[in-house]
Amino acid sequence: MNTDGIRWLVDKAPTWYGYCIHLARGLEAVHLVNRITRGPAPVLIGEYTAEGIETYINSQEREMAAVRYGTHGDLAFTVAHGYWPGELGPGYSNHLSRNSGEEVFELYYETQNPKVPPPQFTFYRDGEYACGFDMYMYTWSHEVTGPDADLIHADIEAAGIHNEDRRETAHLKSLTIIEKRFTLTLPMNQILHGSLPAALVHGHHVNLNSSTGSGG
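If you use full-length UniProt numbering, the sequence shown corresponds to residues 1 to 216, in order.
Simulated from the structure, these hints should not be mistaken for laboratory data.
Treat the hints with care, since some could be wrong.
Said to hold, decoys possible - Label-pair restraints from in silico Cβ distances: (1) Ala13 / Pro197: 19 to 25 Å; (2) Ser59 / Glu143: 20 to 26 Å; (3) Asn99 / Asn189: 31 to 37 Å; (4) Pro40 / Ala154: 41 to 47 Å; (5) Asn58 / Asn189: 32 to 38 Å; (6) Asp150 / Gly194: 34 to 40 Å; (7) Thr55 / Asn163: 38 to 44 Å.
C-beta atoms are modelled at their ideal positions from N, C-alpha and C, and glycine is treated no differently.
Can you build the whole structure from these sequences, using the hints too?
What follows is the structure, encoded as structure tokens:
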């Protein structure tokens, strides 16, 4: 299996807006798609490249968000496209992990937001919020929150992320910690240049349960 890790997101975000990515263990990819959808059920629309799905969304009359999704090793993953900022996270994902044995990781960064928020990491396990932190802490929160903050707190302290004033450096150090601690990886070339199954998840105003995978 290709082991690209997740550090490449610092230099190669999959969309102009940044990235909204979910990874999961113990959950099939199509079920992960259902979990992150806040409104009508997702509608599967076939396979698209990153450029292709953005072109499709921009051709529609209303603002929509979609995800492309797949499986990489033991991880299911989704990558958001279109008008996802403020719609697919953060803070809307308390029930991403619902059952024992499920682990869900959220990586979220709005690079074009005028408020310049930091990249964020959140981890859910066994149906509960486990831990999370801002991946740039210098002028933002220095807290690692959640009942399982000890999973990563010592590594963050050791890397000096609290006092790192260079955003990209703090971002890279943070992703490195997350990648190693939780053994996370994403298929870079497949996400940036290849085709993946896609689903509309926001703004489509259609409830077609028969178009989605069952359960989740």
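Each hint, compared with the structure:
1. Separated by about 21 Å at the C-beta atoms, Ala13 and Pro197 satisfy the suggested range of 19 to 25 Å.
2. The supplied range of 20 to 26 Å is broken by Ser59 and Glu143, whose beta-carbon atoms lie about 42 Å from each other.
3. The given range of 31 to 37 Å is respected by Asn99 and Asn189, whose C-beta atoms sit roughly 32 Å from each other.
4. Remark: the range hint 41 to 47 Å for Pro40 to Ala154 is upheld by a beta-carbon distance near 43 Å.
5. Our hint of 32 to 38 Å for Asn58 and Asn189 is violated, since their Cβ atoms are close to 24 Å apart.
6. The supplied range of 34 to 40 Å is met by Asp150 and Gly194, whose beta-carbon atoms lie about 38 Å from each other.
7. Between Thr55 and Asn163 the C-beta distance comes to about 43 Å, which sits within the given range of 38 to 44 Å.
Of the numbered hints given earlier, the model fails hints 2, 5; all others are met.
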